[in-house]
Amino acid sequence: MDNKRSDEIEFFGKITAGITHELKNVLAVIKETSGLMGDLMDLTDTKSFQHKERFQKSLSTIQKQIENGVTLLTHLNKFAHATDKEKAEIDLHETVQEMTVLCGRYARLKNITLNAQLPDRIRKITICQVFLQMILFSCIEYCISGLPQQNQIDISILQKDKGDYEIKFDCSDELADSGDISAEKSHPNLLDKLKKTAALVQGEVFIEPSAVSLRLSSYA
Amino acid sequence: MKNLKILLVDDEVEFVTTLAERLRLREFQTEISADGEEALNLFDASVFDVIVLDVFMPGMSGFDVLKELKKRSSNIPVILLTGHGATEEGVEGMSLGAFDYLMKPIDIEELTEKINAAVKGNK
Numbered sequence: 002m003d004n005k006r007s008d009e010i011e012f013f014g015k016i017t018a019g020i021t022h023e024l025k026n027v028l029a030v031i032k033e034t035s036g037l038m039g040d041l042m043d044l045t046d047t048k049s050f051q052h053k054e055r056f057q058k059s060l061s062t063i064q065k066q067i068e069n070g071v072t073l074l075t076h077l078n079k080f081a082h083a084t085d086k087e088k089a090e091i092d093l094h095e096t097v098q099e100m101t102v103l104c105g106r107y108a109r110l111k112n113i114t115l116n117a118q119l120p121d122r123i124r125k126i127t128i129c130q131v132f133l134q135m136i137l138f139s140c141i142e143y144c145i146s147g148l149p150q151q152n153q154i155d156i157s158i159l160q161k162d163k164g165d166y167e168i169k170f171d172c173s174d175e176l177a178d179s180g181d182i183s184a185e186k187s188h189p190n191l192l193d194k195l196k197k198t199a200a201l202v203q204g205e206v207f208i209e210p211s212a213v214s215l216r217l218s219s220y221a
Numbered sequence: 017m018k019n020l021k022i023l024l025v026d027d028e029v030e031f032v033t034t035l036a037e038r039l040r041l042r043e044f045q046t047e048i049s050a051d052g053e054e055a056l057n058l059f060d061a062s063v064f065d066v067i068v069l070d071v072f073m074p075g076m077s078g079f080d081v082l083k084e085l086k087k088r089s090s091n092i093p094v095i096l097l098t099g100h101g102a103t104e105e106g107v108e109g110m111s112l113g114a115f116d117y118l119m120k121p122i123d124i125e126e127l128t129e130k131i132n133a134a135v136k137g138n139k
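Protein chains in written order, with the working numbering: chain A, 2 to 221; chain B, 17 to 139.
Treat the hints as calculated values from the structure; they're not laboratory data. Note that the structure is predicted; figures quoted are calculated from it, not measured. Any given hint could turn out to be false.
[Claimed, not checked] A partial selection of chain B residues facing chain A, derived with a Cβ cut-off under 7 Å:
id, residue
1, Glu28
2, Phe31
3, Ile124
We put the beta carbon where it would ideally sit given N, CA and C, even for glycine.
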């Protein structure tokens, strides 16, 4: 693959970003409408509407799901906008956080929890964000594939030197008894994909028995 | 503050209609408009305390409306509604003279707080 984002990726991102804006408007209408129902319910006494409590509980569920939807769409919107530019100055923490949220579904299918504990400090780097997203996804995909059910992947970022970062995907201790993600033969395709994707960001991937580390160098 | 008169401008009619009803339940007076040009006509024809203005609208955008208001030497406080996570748009709007901004979907209590703050700040 050429180390440039393709026209196809740019096209896909543009359409996706536009749709996320539309979907946010949909959620905004649902939020206001359910909010209005709540307002009106607050003006209604229990005697005149015996299902008031049940109704309010349902509205609360709707509001909670709207918040979940907004969070997902916000991350999806930023994900799609990553295709806007060939290279951009981005916050490494923010991108890792976004990918953690967006990959959550794949982890949940195996009852695996993704846990990104990142400090608030902003770490700006200039990079092709699409390729960074791809390698982060590949690392998570590799870990999920090698882990048994009911596990956790802890994601952290360490600054090794000026412009040098290590993003670590640390798998939980139970792994020692139940599997080994470093066994290359159990993930031939994913390992190959991981290495190819890392090359797109001039990164290196290191596989340990219970962790994958991505090293990014010279990103001052 | 009770009975403040608010002009709500958003091309999403169901959104703006419902928002207006919720604000009326909180004792605000409201008028709504679904596009920028109509909003400016309403502004010229009446007196409002605050304008709540969507940024993304077909035709005249919220920023265009804001610039037109400034051309009219208006000091009416404007609260912009931007897409969620779009802080850059909010910051740009404030540099154009908006009082503040909120990201959609909005929180009604936060909006009423900002409306009250806008009126106090303007007086």
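Hints, verified against the model:
no.: 1; hint: Glu28; verdict: 5 Å, holds
no.: 2; hint: Phe31; verdict: 5 Å, holds
no.: 3; hint: Ile124; verdict: 6 Å, holds
Taken one by one, the earlier hints all hold for this structure without exception.
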